[in-house]
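*Asks:* So the protein sequences, as listed, match chains U and R. Residue 0 is where the first sequence starts when you use numbering that gives the first Met the number 0, and the numbers rise one by one after that. Residue 0 is where the second sequence starts when you use numbering that gives the first Met the number 0, and the numbers rise one by one after that.
Errors might be hidden in some of the hints.
All copies of an identical chain are treated as equivalent in the list; a pair is satisfied when it fits inside any one copy or across any two copies.
Said to hold, decoys possible - Straight-line Cα separation of at most 20 Å, SDA-like style, residue types lysine to any residue; simulated pairs:
1. K25 - H105
2. K25 - H139
3. K25 - N80
4. K170 - H139
5. K34 - V186
6. K144 - A68
7. K170 - V188
8. K154 - E22
9. K144 - L24
10. K25 - E138
11. K154 - D134
12. K154 - G21
13. K144 - G107
14. K25 - Q46
15. K34 - S194
16. K25 - L106
17. K154 - L101
18. K154 - N65
19. K154 - R15
20. K25 - E35
21. K154 - H92
22. K154 - L106
23. K154 - S26
24. K154 - R18
25. K170 - I116
26. K170 - F205
27. K154 - N99
Treat the hints as calculated values from the structure; they're not laboratory data.
2 protein chains.
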Amino acid sequence: MKRENVPLTVIRRLPRYYRYLGELLKSGCMRISSKELSERMHVTASQIRQDLNCFGGFGQQGYGYNVEALYREIEDILSINETCDAFVAGIGHLGTALVNHLDFAHLGVRLTGLFDINPEVVGTRMQGIRVAHIDEAAEHIARLKPRLAILTLPKSETLPVFRLFVSHGVKGFWNFSNMEMVPPEDVVVENVHLSDSLMTLRYRVFQ
Amino acid sequence: MKRENVPLTVIRRLPRYYRYLGELLKSGCMRISSKELSERMHVTASQIRQDLNCFGGFGQQGYGYNVEALYREIEDILSINETCDAFVAGIGHLGTALVNHLDFAHLGVRLTGLFDINPEVVGTRMQGIRVAHIDEAAEHIARLKPRLAILTLPKSETLPVFRLFVSHGVKGFWNFSNMEMVPPEDVVVENVHLSDSLMTLRYRVFQ
C-alpha cells in the first residue's frame, strides 16, 4: 500500500481500469483473470499485473481479480467519493459541451461557478448555475473557494484567469486552452491536447 | 528503423514529443539533451531515450538530440504531411468546438463532410462546409470516400452511423461518444474519454 510511490503513468491508466471494471460490475461479472481483462482493455496481462501490484495487488493465482474489490479500491485511490468544487472559465462550445454532457457528479466534482465574457452567454443558466461575467470571478471565488478549475478559454485569455484563480487558492486546473502554464509547486495543471489522440489514430490507420 | 514494432504506448507519446519539439524549433533551439527534454516534458530521460530508440534513436553521446531532425522524423512517422479526409458526425457543442478550434490542416486532416440531425444546424456552414443531414451521409460518403470519421454524436445514435461509415470504407474513427465499438480487423477506433484526465487531476490534487 505504498501509494505515494505509484508512478503517474500508472495513475493515468486507473480511470480506464475503473471504467472497464464498472462495466463488468454492471454486467454482473464478479471476477476476472488478468488475461481476460487484458483482452478487453487491449493491454498486456503483465502490464495489468504490474499496474495493480503498485498498490498491493488484488489478484490471486488461479482466481483472478475480484471485480468489485478492485473497483472500490480504485475508486478510493482516485478519491471519487469525495466531492470537490470546480469553476468553469469559458462557456463557449467546448465549455458548454463539457458542462452539459460530462457526468461531473459521478466523477466527484460539483460545478459551482461558470464564467464567460460573451454577453449572449452571461446571465443564461446551465445545469442550474447562472453564467457570470469573468469580472465577477474574483468575488465568487473568494466566497465559494473551489479547489478545481476547468479552463476552456481561448489561449490568449487563459493566463490572467489562471493567475487570478491560483491567487485565490485553486489547486488543480483542467486546461483545454493549449496554453502551457508554469504552476507554483502546490498547483497541478492537467493539460488536455485533443489533437494528440487524433495523431495516434492517423498513425494506426496509415501504418 | 523497425517501425512495425514500435509499441502503441510509445506511439501515443509521439504527438507530445512533436509538440514540444515544435515549440523548441520555433524558439530557435537546435539541439537538446535528453535531460533537458525530460525536464520540460516531465518524463524521465531514460524513458525518452528508450522511446526514441524504438525508431533508430537520434541522440549522440555528449551532443544530445538534433531538434529539427527529430521533429521531422516524428512528423514522418505520424505521416502528418499526408492529408487525409474526414467526416464529422454530430455538430452539437462538442462537434462545433472541434471543427472551429482544432487546427486540422496542421494535423494533416481535411474535413470534407459535416452531419447532424438538428434542423437548426443542418444547412448552416462551418469552415466553408455545409452541414448536411445525417440521412445524406451515405450519398456523400460514397462520393467523397473519407478515410477517417469523427464521432461526436450522443451515445445512442453512434452505432448505426459507425456501421454505415464502416460499410463505406472508413478506416479510422475518433470516437467521443463513450460508446464502445467492436471494429472489424482493418478498422481502428480511438476512443476519447475526457473524464479520464479529470480523474487524474483530482488524484494529483488530493493525494
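*Asks:* For every hint, state whether the structure bears it out.
*Replies:* Verification of the supplied hints:
no., hint, verdict
1, K25 - H105, "within (15 Å within a copy, 41 Å between copies)"
2, K25 - H139, "neither (39 Å within a copy, 39 Å between copies)"
3, K25 - N80, "within (18 Å within a copy, 44 Å between copies)"
4, K170 - H139, "within (16 Å within a copy, 48 Å between copies)"
5, K34 - V186, "neither (38 Å within a copy, 23 Å between copies)"
6, K144 - A68, "neither (34 Å within a copy, 47 Å between copies)"
7, K170 - V188, "within (8 Å within a copy, 34 Å between copies)"
8, K154 - E22, "between (36 Å within a copy, 15 Å between copies)"
9, K144 - L24, "neither (35 Å within a copy, 40 Å between copies)"
10, K25 - E138, "neither (43 Å within a copy, 39 Å between copies)"
11, K154 - D134, "within (18 Å within a copy, 36 Å between copies)"
12, K154 - G21, "between (35 Å within a copy, 17 Å between copies)"
13, K144 - G107, "within (16 Å within a copy, 42 Å between copies)"
14, K25 - Q46, "neither (24 Å within a copy, 37 Å between copies)"
15, K34 - S194, "neither (31 Å within a copy, 26 Å between copies)"
16, K25 - L106, "within (17 Å within a copy, 38 Å between copies)"
17, K154 - L101, "between (22 Å within a copy, 12 Å between copies)"
18, K154 - N65, "neither (45 Å within a copy, 29 Å between copies)"
19, K154 - R15, "between (29 Å within a copy, 18 Å between copies)"
20, K25 - E35, "within (17 Å within a copy, 46 Å between copies)"
21, K154 - H92, "both (15 Å within a copy, 19 Å between copies)"
22, K154 - L106, "between (26 Å within a copy, 18 Å between copies)"
23, K154 - S26, "between (42 Å within a copy, 18 Å between copies)"
24, K154 - R18, "between (31 Å within a copy, 16 Å between copies)"
25, K170 - I116, "neither (23 Å within a copy, 40 Å between copies)"
26, K170 - F205, "between (41 Å within a copy, 9 Å between copies)"
27, K154 - N99, "between (22 Å within a copy, 14 Å between copies)"
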